[in-house]
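Chemist: Sequence:
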Amino acid sequence: MHGRLLTNAERCRRHMVDDPSCSSWGACEENMEHIFHSCPNAVVVWGSLVPHNKHNRNDIVFQDASFNGSTIIAQCRAWERVVRSNEIKKLIVKNRVTKLIQWFAPASGCWKLNTDGAVKHSTKEASAGGVIRNSNG
Numbered sequence: 031m032h033g034r035l036l037t038n039a040e041r042c043r044r045h046m047v048d049d050p051s052c053s054s055w056g057a058c059e060e061n062m063e064h065i066f067h068s069c070p071n072a073v074v075v076w077g078s079l080v081p082h083n084k085h086n087r088n089d090i091v092f093q094d095a096s097f098n099g100s101t102i103i104a105q106c107r108a109w110e111r112v113v114r115s116n117e118i119k120k121l122i123v124k125n126r127v128t129k130l131i132q133w134f135a136p137a138s139g140c141w142k143l144n145t146d147g148a149v150k151h152s153t154k155e156a157s158a159g160g161v162i163r164n165s166n167g
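For the sequence shown, the working numbering assigns the number 31 to the initial residue and increments by one for each residue that follows.
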């Protein structure tokens, strides 16, 4: 894999860029070691994968289980589907249109009752309230 992944260090060596530093952190050279091990972004990514790898390794060592590359790839793809699903949900929420609700006064000589309520399903607690107003508010 030597020289095939275009890190900033490799791009600099090929005279494609002038700066070999990490584009995310800037403090050190973006080489293979940095991308896969020492970059804070890499640490987060590997940290999220390692518990699964440790679990698989323990199953192999202590329970005679076997995992091949295809199984691990399938697990990664399953996680990718979960992540993408959550990203789609975020986009749906992000693209919601906020509609402001406005109070309109009742006709002169009339009264208006406005109510609202909420429930917390986990504790089964509920609350409600209301306000009565005339045409002057």
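Treat the hints as calculated values from the structure; they're not laboratory data.
Errors might be hidden in some of the hints.
Quick list of simulated restraints, FRET-style, between CB atoms [stated by the list, open to error]:
1. S165 - W109: 52 to 62 Å
2. A156 - F134: 22 to 32 Å
3. C58 - S157: 18 to 28 Å
4. Q93 - A148: 43 to 53 Å
5. R107 - V74: 13 to 23 Å
6. K150 - C58: 42 to 52 Å
7. R107 - C58: 52 to 62 Å
8. V75 - A156: 39 to 49 Å
9. C58 - V112: 29 to 39 Å
10. N116 - C58: 24 to 34 Å
11. G147 - E110: 33 to 43 Å
Beta carbons are placed, not taken as given, at the ideal position from N, Cα and C, and that holds for glycine.
Chemist: Please name the hints from earlier in the document that this structure breaks, with their numbers sorted from lowest to highest.
Modeler: Violated hints: 3, 7; rest satisfied.
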